[in-house]
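Engineer: Each chain, written out:
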Amino acid sequence: MARRSRLAALLAAFAAAAAAALLLGPSFTVDREMLGLRLPRVVLACIVGAGLSTTGAVLQALSGNPLADPFVIGASSGAAVGVIVARWVGIPFTSPLLLVLAVGGAYAAIALVLRIARVGARTPVQTLLLAGVTVSTLGTAVVLLYYSVRVEDATRTMLFLMGNLEEGDWRFIGLAGVAVAAGVVAALLTTRALDAFAMGEETAGHLGVDVERFKLAFCLLAAALVGVVVAVAGLIGFVGLVVPHIARRLVGNDHRRMLPACVLGGATFLLLADLIARTALAPRMLSLGAITALCGGPFFLFLLRRRARERDALARALEQAAGESKT
Amino acid sequence: MSAPLLEFRGASIGRAGRPLFAGLDLRLEAGELLAVLGRNGSGKSSLLKTALGDLPPLGGTVALRGAPPASVAPRARARLVAVLPESEPLPYDFPVRAVIELGRYARLGLFGRESDADRRAVARAVEVAGVEAFLERGINELSAGERQRVLLARVLAQEPELVLLDEPTAHLDPGRQFDVMRLLRRRVDENAVGALAVLHDPNLATRFADRVLLLGRGRVLALGAPAVVLTEALLAETYGTPFRVFAHPITGAPVALADGPAP
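Line by line, the protein sequences are chains Z and P. Residue numbers are given in this note's numbering: position 149 of the first sequence equals residue 149, and the series is strictly consecutive. Residue numbers are given in this note's numbering: position 228 of the second sequence equals residue 228, and the series is strictly consecutive.
Because the hints were derived from the structure by calculation, they are not lab data. If you're wondering where the values come from, they're calculated on a predicted model, not measured in any experiment. Mixed in with the good hints there might be a few duds.
[Unchecked claim] Which chain Z residues stay away from chain P? Per the calculated CB distances, all over 10 Å, these:
hint	residue
1	SER95
2	ALA141
3	ASP153
4	THR203
5	VAL209
6	VAL211
7	ILE291
[What the hints assert, rightly or not] Computed from the model, here is a short list of chain Z residues facing chain P with C-beta under 8 Å:
hint	residue
8	GLU152
9	ARG192
10	ALA196
11	ALA198
12	GLY205
13	LEU207
14	GLY208
15	GLY252
16	ASP254
Every residue, glycine too, gets a C-beta built ideally from N, C-alpha and C.
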């Protein structure tokens, strides 16, 4: 019961954040600024926040590792390479083809990292992070290479990838919205399989989950969500890490409650981050990707540190027990 | 007359072309508990994986109710076979109730809908395993013994015909080891399941198993009733250390004790 009321509280927080994002600004009336500039931002914030948090949750269940995040494991970077390829062959920013290439890039990165990072039946933190960082760096190298070769398009593409919600084209927003909504619904329909994966991949197989098929499906789902998000909003990091973590704290690990909490929490987080991005130094617009990274980066380090400490404590306890049994 | 529950015929067990042992002939039916004993690396876990179809036999045949295990679809396999692993914490903490309910995964309807049969099976499993007291607690908060009873409840909720157990009593104190084995034995005696259990303690095998499979270096050393198989010579060969076997002062059953020279 308490956990259900927390979901309701999250819904209220989301509504408040959406209202604030829509109303706060130079003018308070329903005018062209509100409908033409702020409303698309609000809608896009919900799409991006929900998409990235759901991806984080899915990747975390799949790898059995709560530190998996689309940005950290290089999926966002792969999608950025997709965008670069699109720019290279002259595809405009508002073409659906851009979405397809971004999704393809994200899928390649996820499949590669999860394969490299796997040790036996597990995906340990160390290999996951190392493989993710490496693939991320490779992706960044491709992006930088493009900037240095196609100098005339560098600034525009850089601004695009930097992470912002300035997308005025309702058709493109609609397309992204439908894609992310479909992805979220797909995840919500397979919460039992996600629960099973969260108990370990081997266990999932023993319980009757078609492990290989679901793994492929979940990787495709994660790639689709990240690809679409990067294609509409650029690189926005750590949302998929911070939000699922808070959702776990609030409603537990059961995906039937955890996924809805991720959708609401992700939208709320992005709405607030974007509110800061456009009001903190107004009229100057800050990079949204920088804001989420500034919140999420330290949070990530804190989680990593705490995990290491817990592991140390466990190792010490085991050593002590071994010592006692010897004497 | 249906095909045997689990059958190995001239099976060679191992992974990636490296056989660990060959020539296994074994038939297991409901109502029997078979213990597998052998030193580390003798192929005990590989044997379970082969029975599940996760490893192909390197020679001979394996059949689950007449079909090669790898050919059985995952959901159908989970309705036939359940696995009790070693008692280890899960990657994420879940309420005990959710863990047990997931035993019904292979029987749930479209989009995970639960039926009355699902709820009844879970309630029965909870009662048999005696885990009512911690249904709402997180599984990772429990002791190793409690956790193993919860995982056993999940196995029971699965309502399988065959249970495979991989060192189900590792990390448990003697009392908790007996809890788990007693529960399993009861289900076997009700003729509900057949069980194949990898164990490390010959005395648990004597106490609870109908037959024992002894695996030595690269071959099957013996297969038979505990009293026949658990001899000093065979145990010494199995584990590479001298053993003493003597009669239990009350029951007369064989008691085995590793008895190598102390340094």
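Engineer: Does each hint fit the structure? Answer for all of them.
Structural biologist: Hint-by-hint comparison with the structure:
1. SER95: Its Cβ never comes within 10 Å of chain P, the nearest being 35 Å, so this holds.
2. ALA141: Consistent with the label, Z:ALA141 stays out of reach of chain P, its closest Cβ about 32 Å off (over 10 Å).
3. ASP153: Holds, because the least Cβ-Cβ distance between Z:ASP153 and chain P comes to about 44 Å, which exceeds 10 Å.
4. THR203: At about 7 Å from chain P, Z:THR203 fails to clear the 10 Å cut-off, so the statement is violated.
5. VAL209: violated, 6 Å
6. VAL211: Non-interface label on Z:VAL211 violated, nearest chain P Cβ at 7 Å vs cutoff 10 Å.
7. ILE291: holds, 29 Å
8. GLU152: violated, 48 Å
9. ARG192: holds, 4 Å
10. ALA196: This interface hint holds because 6 Å falls under the 8 Å limit.
11. ALA198: holds, 5 Å
12. GLY205: The hint holds - Z:GLY205 has a Cβ within 8 Å of chain P, the shortest such distance being about 7 Å.
13. LEU207: holds, 4 Å
14. GLY208: Since chain P brings a Cβ to about 3 Å from Z:GLY208, closer than 8 Å, the hint holds.
15. GLY252: holds, 7 Å
16. ASP254: Hint on Z:ASP254: holds, closest Cβ of chain P at ~5 Å, below 8 Å.
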